[in-house]
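J.: Quick note on the UniProt record's numbering: the sequence shown kicks off at 1 and runs consecutively.
Rather than coming from a laboratory, the hints here were simulated on the basis of the structure. Among these hints, one or two may not hold up.
To be verified - With a Cα cut of at most 27 angstroms, we get these calculated DSSO-like pairs of lysine-lysine:
id, residue 1, residue 2
1, Lys231, Lys175
2, Lys96, Lys43
3, Lys43, Lys127
4, Lys175, Lys228
5, Lys170, Lys231
6, Lys96, Lys170
7, Lys235, Lys170
8, Lys96, Lys118
9, Lys118, Lys175
10, Lys59, Lys127
11, Lys118, Lys59
12, Lys59, Lys43
Stated by the list, open to error - Have a look at the derived ranges for each label pair, beta carbon to beta carbon:
id, residue 1, residue 2, range
13, Pro80, Thr24, 31 to 39 angstroms
14, Pro35, Arg143, 24 to 32 angstroms
15, Ala39, Glu68, 15 to 23 angstroms
16, Gly172, Thr198, 27 to 35 angstroms
All C-beta atoms, glycine included, are put in the ideal place defined by N, C-alpha and C.
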Amino acid sequence: MTASLKPVFFLTGTARLRSEGRKTTMRILLVEDDPTVRAFVLKGLREAGHVVDEADNGKDGLFLAVSENYDVVILDRMLPGGIDGLRILETLRGQKNATPVLLLSALADVDERVAGLKAGGDDYMTKPFAFSELLARVEALGRRGRPESAPQTRLVVGDLEMDLLSRTVKRGGEKIDLQPREFRLLEFLIRHAGQVVTRTMLLERVWDYHFDPQTNVIDVHVSRLRQKVDKPFDKAMIHTIRNAGYILRAD
Numbered sequence: 001m002t003a004s005l006k007p008v009f010f011l012t013g014t015a016r017l018r019s020e021g022r023k024t025t026m027r028i029l030l031v032e033d034d035p036t037v038r039a040f041v042l043k044g045l046r047e048a049g050h051v052v053d054e055a056d057n058g059k060d061g062l063f064l065a066v067s068e069n070y071d072v073v074i075l076d077r078m079l080p081g082g083i084d085g086l087r088i089l090e091t092l093r094g095q096k097n098a099t100p101v102l103l104l105s106a107l108a109d110v111d112e113r114v115a116g117l118k119a120g121g122d123d124y125m126t127k128p129f130a131f132s133e134l135l136a137r138v139e140a141l142g143r144r145g146r147p148e149s150a151p152q153t154r155l156v157v158g159d160l161e162m163d164l165l166s167r168t169v170k171r172g173g174e175k176i177d178l179q180p181r182e183f184r185l186l187e188f189l190i191r192h193a194g195q196v197v198t199r200t201m202l203l204e205r206v207w208d209y210h211f212d213p214q215t216n217v218i219d220v221h222v223s224r225l226r227q228k229v230d231k232p233f234d235k236a237m238i239h240t241i242r243n244a245g246y247i248l249r250a251d
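Required output: the full structure, derived from the provided sequences and hints.
T.: See the structure below:
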């Protein structure tokens, strides 16, 4: 746990990077249980133009790390939930996942840093740290990790297509007009096509809510999304899984 730490951040560094002409936007996973550290790092990375998913425990962090595609993973060493940072890292490497991983830790001892790097970490930073240095290291890892790859800008499931750059959606070649929240909801469902996604997952990943799992906001938006994505067509793609959540599939 890292609640007693008082990290140092220099968020003004992100504005400087933007003014100099930013490189490719990266998709980053941040796994950090300290809410103060997580909030500052999230703010800085997003101000720098990157897309960031977050988890505050090892279980959720492992789920995202193995089920999603990221350019860089920022991983705290000590995490609640019975799964620490090293276990997540070892699982990734055991699955031949070469996504660059930067370890964050209050453990500054040389042996601890060596253990993290030997487990498959690509870089290691100790707390407290300057955000400008963290950003520079993360972007360096991103450049090194995928030198020839282009960011995914088009998602397709069956006859449903989503263009992330133009923010457009088509089904069967017909354009579907979506509100920003509907677009984010559909994007999450498409990225997890064939998987059951719970209401809690949607609240946390699409609405950034971490409370009130009984709210009906999910059902309301899914209903509206179905009116646009499913109703005008012969076959429904968004299905309700009773007592579980929702699943998007082509068949």
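J.: Under the constraints set out in the numbered hints, which ones does this structure not fulfil?
T.: Of the numbered hints given earlier, those the structure breaks are 2, 6, 9, listed in rising order.
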